[in-house]
Amino acid sequence: MPETASQQTTSPDPAAGYEPTGRTIPTRSRERASYDRETVHSILDAACLCHLGFVRDGAPVVLPTLFGRVCERLYVHGSTGSRPLRAADGNDAGLPVCLTVTHVDGLVLARSAFHHSLNYRSVVVHGTAYTVTDPEERRVALDAIVDQVVPGRSKDARPADGKELAATAVIRLDLREVSAKIRTGGPNDDPQDIGLPHWSGVVPVAPAFAAPVPADDLDPAIEVPTYLNTLGSTGTDTADRPTEAPRI
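Residue numbers (the numbering used here): 69 to 316.
Derived by calculation from the structure, the hints in this document are not laboratory data.
We put the beta carbon where it would ideally sit given N, CA and C, even for glycine.
Do not take every clue at face value.
[Said to hold, decoys possible] Computed Cβ-Cβ distance ranges for the label pairs, DEER-style:
(1) T298 <-> T201: 31 to 41 Å
(2) T201 <-> W267: 52 to 62 Å
(3) D229 <-> H266: 52 to 62 Å
(4) P203 <-> W267: 54 to 64 Å
(5) R244 <-> L264: 43 to 53 Å
(6) V130 <-> P288: 39 to 49 Å
Start from the sequences, fold in the hints, and give me the full structure.
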């Protein structure tokens, strides 16, 4: 029987890693792959933008979009008219997708062009996405997507009304077939290139948040929330993240 969006997935042992599969074992640099659950979660939680890939009319499509994580589930939202959400809606078989998240941590500059690289952290998720129809799960999912962008923001904003909810579709992708891949360290120069007169090393890359800019029509009496003043200063804040998936 096909799994539907309303079925509950039991949370696995946090200490257990994800089981490698033929699709999650890289063909190159296998030593960089990780199936550790905490590592995967930390990479996902530090991002709010993912790329969602699927096949439509026999051709590949990849869309950048916001997402949210709730335990072992990822939620993606969009217009009810968007292609992947239309494809998943009402389909008991779901929509086969591939979702990716990537952080660039450094530019790795070697003495040779061949050995230039990036330091990065990435996650690739394979699976089947299902439309979320249960009202409570949709609420949890939409809050999670808002809080993925700015932790704590869902509690400091008007929730979607009936008209907005009717125009919003949500799909769910369970974290089952998952892998992380990480590169750290300096360039891997060939021994014969060490003496070449070219700079070699790493240029660190890190996200930066500037001071919040208020809306033109914002009441001057409304102060900047603390969670915006500290955004990015202490890493990802998971205090408001649900500790278990909604039980539907």
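- Query: In this structure, is the beta-carbon distance linking T298 and T201 contained in 31 to 41 Å?
  - Reply: 36 Å, holds
- Message: Range first: 52 to 62 Å. Now tell me if the beta carbons of D229 and H266 are that far apart.
- Response: Roughly 59 Å apart at Cβ, these two residues keep to the hinted range, so it holds.
- Task: Kindly confirm whether 54 to 64 Å is satisfied by the beta carbon distance between P203 and W267.
- Result: 58 Å, holds
- Is the gap between the beta carbons of V130 and P288 within 39 to 49 Å? Cβ of V130 to Cβ of P288: about 43 Å, so the range 39 to 49 Å holds.
- Message: Given a hint of 52 to 62 Å, does the C-beta separation of T201 and W267 actually sit inside it?
- Response: 56 Å, holds
- C-beta pair R244, L264: status relative to the range 43 to 53 Å that was hinted: 47 Å, holds
Checked against the numbered hints given earlier, this structure breaks none of them.
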